[in-house]
Amino acid sequence: MEELDSEDEEDDQLLPDLPNVEAYDEIRMRVAPNPNGPWHIGHARMPAVIGTYKEMYDGSFLVRFDDTDPETKRPDLSAYDAILEDIEYLGFEPDEVMKASDRVETYYDHARELIEMGGAYTCSCGGEEFSELKNSGKPCPHRDKDTETVIDEFESMVDGDYASGEMVLRVKTDIEHKNPALRDWVAFRMVDTPHPREEAEDYRAWPMLDFQSGVDDHLTGVTHIIRGIDLQDSAKRQQFVYDYFDWEYPEVLHWGHVQVDEYGVKMSTSTIKKLIEDGELDGWDDPRAPTIQSLRRRGIHGSAIVDAMVGLGMSTSGVDLAMSTIYANNRDIVDDASDRYFLVRDGVEKAVVGGPEAGEPPLHPDHEDRGRRHIPVPGAVRVESKDVPANGERIWLKGYGCVRHTRDAFEYTGDDISAVRDEGVDVIHWVPADDTVSVTMRTAEGDVTGEAEPDFADADVDEVVQFERIGFVRVDEQNGDESVVYWTHK
RNA sequence: GCUCCAGUGGAGUAGCGGCCAAACUCACGGCCCUCUCACGGCCGAGCCCCCGGUUCAAAUCCGGGCUGGAGCACCA
1 MEELDSEDEE DDQLLPDLPN VEAYDEIRMR VAPNPNGPWH IGHARMPAVI GTYKEMYDGS
61 FLVRFDDTDP ETKRPDLSAY DAILEDIEYL GFEPDEVMKA SDRVETYYDH ARELIEMGGA
121 YTCSCGGEEF SELKNSGKPC PHRDKDTETV IDEFESMVDG DYASGEMVLR VKTDIEHKNP
181 ALRDWVAFRM VDTPHPREEA EDYRAWPMLD FQSGVDDHLT GVTHIIRGID LQDSAKRQQF
241 VYDYFDWEYP EVLHWGHVQV DEYGVKMSTS TIKKLIEDGE LDGWDDPRAP TIQSLRRRGI
301 HGSAIVDAMV GLGMSTSGVD LAMSTIYANN RDIVDDASDR YFLVRDGVEK AVVGGPEAGE
361 PPLHPDHEDR GRRHIPVPGA VRVESKDVPA NGERIWLKGY GCVRHTRDAF EYTGDDISAV
421 RDEGVDVIHW VPADDTVSVT MRTAEGDVTG EAEPDFADAD VDEVVQFERI GFVRVDEQNG
481 DESVVYWTHK
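Using the numbering used here, you'd call the opening residue of the first sequence number 1 and step up by one each time.
Dumping the calculated DSS-like pairs for lysine-lysine here, alpha-carbon to alpha-carbon at most 27 Å: (1) Lys236 to Lys54; (2) Lys73 to Lys99; (3) Lys99 to Lys236; (4) Lys398 to Lys490.
Hints in this document: simulated from the structure, not taken from any laboratory.
Whenever a hint applies, use it, and build me the whole structure from the sequences.
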C-alpha cells in the first residue's frame, strides 16, 4: 500500500519515464537541428519534449547545430540565431550551444584513430557500384587495404586532394549484416562547395551525420538521445563505432513524424524557403507559413505550443497535431487578459434614429473594473452585412441597445435587456459610421480589412485583444487611424 | 526485395492481466449560462485492427495475419 501511495504522487507526470535514469548522475540530452532555416512548427517538439525532460530530471541539454552538409542541406547563416530565438520563445534555455562545423578537426582525429584500429577504409567505388556489392553482401575491393594506404588516402581527403565523389571513408561494420542499412556505411565524403561559415570554408572532407553525431554524443556526455524514426537505424550504425572505441551508447528513444492540419503549405524547411524566395510568402513569419515565427507574430504563447507537443507523447507512430489544440491552450492563457473591441468587416452603414449618443460596452465581460469603452453614434453605425436583420426585425447593438430595421435605418427601441433575454433578439457588434480605425487583419487565409471602434487605437502594439464575435488578434502596428493585426485564433 | 517500428472514440494521449462496456485534452453536435459565436457548466460519441491461443479472468500476455510508417543516400 505504501508503494501505491508514493507512486500516485507522480501519477500525473507529463511524459513517460526515460529509460535507465538511475544509471546516470545527470540526465543530459541534446537538440541537434540542421540550421538550414528557421523552424517550422514540427521542430518545436524537440525543445518541448527535451526541455520538459530536463525539468523532470533536473538535467541539462545542449543545442548542437549539425551543419556538416555545405551543399544539399546547406546551412543558412541567419538560421543559427533564428533557431536559438525560437527555442527561447518556446521557453527553454540551452545549457550549451555548439556547431559541428567548429569541430571538424575532432572528427578527423577520431577517424584517424578508427583507421588505426582497422575500423575504417577509404573507398573509391561509385555509389551504385558499391550499393550493388553491398546489397548482395559482398565486400568491395578496397575493404582490405593496409592501414598505411588508408591513412594516406584519408589525409589526402582531409587536404582536399579529391573532388566530390572520388573518395569516401567507410566504417567497416559487417558486410553480411542482415540489415542492409547497416553495412559499411560512409563516414566521410568530399564536398566541393565551401561551407557558408567562414570558419569552416576550407574543409572539403565532411563527416556524415552518423559519424559526427555519434562522436559528439559521446564526447559531450549525452545520456539520452531523442530523435525521429527516420533515424531508427542510426543507433545501430553508430554502435559499430562505439564498439571500436569501447564507448557506451546512450539511451535512445524515437518518435514518429508530426503532421499539422490547417495549413496549405507543406511543413518542410526547404518548401517554405522556396515559397519565400518566390515571393509567395512574405517571410518566415508570414501568417500563412507553418513556422514558429509565424505563430509568435500571431500572438501565440510558446507554452501553448510546448504543451501541445508534450501532449503528443513519445509514440513512435506518426501523429497528427490539430492546431485547435494549440489554440485552445493559448486561449486559456490569453482570454482573461485580452480586452474586447469591435471590428466590422464587410460593413454596411445604417442611420440610427433616436437613441443615445454612444454605447459603452465593458473592456472585458469578467472585469468591469477595467472600465468601459466609449463608442459614439454620430447618427449612423456600420454593421456586418450578414448581421443586418430583415426589415421590421430587431437587433441588439451590444453595449448600446435595441434597434429595429425599418426602411433603410435602425430605429432605436430601447435598452430593456429582456428583448435579448426573453424575446430572442440577437446581439451583434458594430462601429460608428465615422472616425473608426482602419484595420488590416492578416490571417492564414489572406488579409481581411475592416473598421474598428475608435478606442481600439488605445490597444498597444504586441497586445492580444479580442474582436468580439470574430476572434483574438495580436496588434502588430498602430498608426492612429490605421492598424495591422495578426489573427491569433477564435 | 531485405530490415526495423507501430495499430485504444474524429485528432492526440493514458490504462499494460481482474477496480475497464475504458480516463483525460482538443474537435464536433445538443442543452444551460451570457448584452460575443469568448469564458464557464452538463450531455452525446469507442464492439480497445483481425483471427487463434494462454488464463477462473485480456485492451492488457503469446502466435499468425492485415494495415500504416521508417530505413537500405557520398541528406540531416
